[in-house]
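I would like the entire structure built from these sequences, with the hints used as guidance.
As given, the protein sequences belong to chains A and B, one line each in that order.
Residue 160 in this note's numbering sits at position 160 of the first sequence, with consecutive numbering throughout.
Residue 58 in this note's numbering sits at position 58 of the second sequence, with consecutive numbering throughout.
Among these hints, one or two may not hold up.
[As the list claims (entries may be wrong)] With beta-carbon atoms standing in for the labels, derived distance ranges:
hint: 1; chain 1: B; residue 1: Leu-17; chain 2: A; residue 2: Phe-84; range: 20 to 30 Å
hint: 2; chain 1: B; residue 1: Ala-94; chain 2: A; residue 2: Ile-113; range: 39 to 49 Å
hint: 3; chain 1: B; residue 1: Pro-72; chain 2: A; residue 2: Leu-34; range: 41 to 51 Å
hint: 4; chain 1: B; residue 1: Ile-87; chain 2: A; residue 2: Asp-22; range: 37 to 47 Å
hint: 5; chain 1: B; residue 1: Leu-80; chain 2: A; residue 2: Thr-128; range: 22 to 32 Å
hint: 6; chain 1: B; residue 1: Val-59; chain 2: A; residue 2: Asp-22; range: 34 to 44 Å
hint: 7; chain 1: A; residue 1: Gly-20; chain 2: B; residue 2: Ile-87; range: 37 to 47 Å
Worth flagging that the hints you see were computed from the coordinates, not collected in a lab.
The beta-carbon is built from N, C-alpha and C at its ideal position, and this holds for glycine as well.
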Amino acid sequence: MASPLEQFEIKTIIPIEIGGIDVSFTNSSLMMALTVVIGGGLVALAASRGAMVPGRLQTIGEILYEFIAGLIRETIGPDGRKYFPIIFTLFMFILVGNMLGMIPYSFTFTSHIIVTFVMAFVVFIGCTILGFSRHGLHFFSFFIPPGAPVWMWPLLIPIEVISYLSRPISLSVRLFANMLAGHTMLKVIAGFVFALGLLAGWLPLLLITALTGLEILIAFLQAYVFAILTCLYIKDALELH
Amino acid sequence: MSEPNGQEPLDDLNKRLKDARNRKTAGTRGKNGAAPRSDYGPAIRVGTDLVAGVAVGVVIGWVLDRWLGTTPWLLLVFFLLGSAAGITNVMRTAMKIESDAKADRESKRNDVGKNEAP
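Rendered as C-alpha cells:
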C-alpha cells in the first residue's frame, strides 16, 4: 500500500541548476503557478465586465472582495485600506492553493513548512519595517507592557520579544500543520477502505466523505486565519498596543 | 400629488448611500467580515501560539549556549522565558477571541429580525 506521506513528495519536472543551487521547476512550483493563474484569472475575469447587475462570476469576485475589505475594516479600521492588496493576495493565494490541493492526485503546496514560513516571514518583516517607519525608535515601546513597574522590565521585555519573534513561527506552523495533518489523515483512512475490504470498508468510506467536507472547511478557514492575523499584526505595528 | 411619490425613493436612496459611506469610514462591524463559526480554529490557534513561544525560547537559548559555551544554563533560562511568552500569547489570543465573541453577541442582539443572508 502507498505511504500516506507519499502525496507530499516533491518531484522535479524540469531540472534547473543555477550556480550549484537547485532551482528546478517541481510539482510544487507547478501548483503555485496554477494557483496564481487560476486565482488571478478568476479575479481579473470577475472584474472585467463591471456590470451593474453582476453575473455569477462577478458575484464571486464581489463576495471575495467584500469579505477581505470587511475583515480589514473591522480589524485595522479605515486606515487599513492601504494594505488591502497584500492581504487579498495572501488570502487568495492560500485559499486557491488549499482548494486545488483538495483535488485528488494534486499537490498541496501549503503542506510544506518552507512555503508557509516564507509567507509568514514576509508578513513579519513587513510589519516590523512598517512599525519602525511609523514610530521610529519609539517602536521599541511595543515590548514594554503598559502599566508594568520598571523593576519588572528586565523580565518582561525578553518575554515580549520572544512572544513577538514567535509570531511568524505560529503563523506558518498553523497553516502547514493543518494541511499536513488533514491530508495525511484522509490518506490513512482511505487506506482502511482497502484493508477492511467489502465487509467493513464502507465505514471508513463514509467517514472519509464527511472528512473531505471538513477538510474543505479547514482549507478556507486557514486562509481566513492567515489573513486576519496579518491584519492584526499590521494593526499592532500601526498602533503599538 | 405626484411629488411625494417622486421624492420618497430619492430620500431612501440618499439614506442608503449615507449608510454605505458611514460603513466605509467608521469601521462598524459589517456582516461580510464575519468569520465562519467553528471552535476548531481557535483551539488550533491557541495550541500553536503556546508551542511557538516555547520553540523560539529554546532555539534562542540553544544558539546562545553554543556561542557562549554556557551549556545548559541559557537554554534553561530561555526555556522558561519562552514558556512565559507562549502563555502570554495564549492569554492574548484567548482574550481577543472572548472580546470578539462578546461584540458578536451584542451586534446580533442589536439587529435581531433583520437577518440577511451571509
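Consistency of the hints with the structure:
Separation of B:Leu-17 from A:Phe-84 is about 22 Å and conforms to the stated range, judged on CB atoms against 20 to 30 Å. Restraint check, B:Ala-94 to A:Ile-113: a C-beta distance of roughly 26 Å breaks the suggested window 39 to 49 Å. At roughly 48 Å, the beta-carbon separation of B:Pro-72 and A:Leu-34 lies within the given 41 to 51 Å, and the hint holds. A C-beta distance of roughly 41 Å is found between B:Ile-87 and A:Asp-22, which places it inside the suggested range of 37 to 47 Å.
Remark: the range hint 22 to 32 Å for B:Leu-80 to A:Thr-128 is upheld by a beta-carbon distance near 25 Å. Checked against the hint of 34 to 44 Å, the C-beta distance between B:Val-59 and A:Asp-22 comes to roughly 26 Å, which is inconsistent with it. For the pair A:Gly-20 and B:Ile-87, the supplied restraint of 37 to 47 Å holds, since their beta-carbon distance comes to about 44 Å.
Hint compliance for this structure: hints 2 and 6 are broken, all remaining hints hold.
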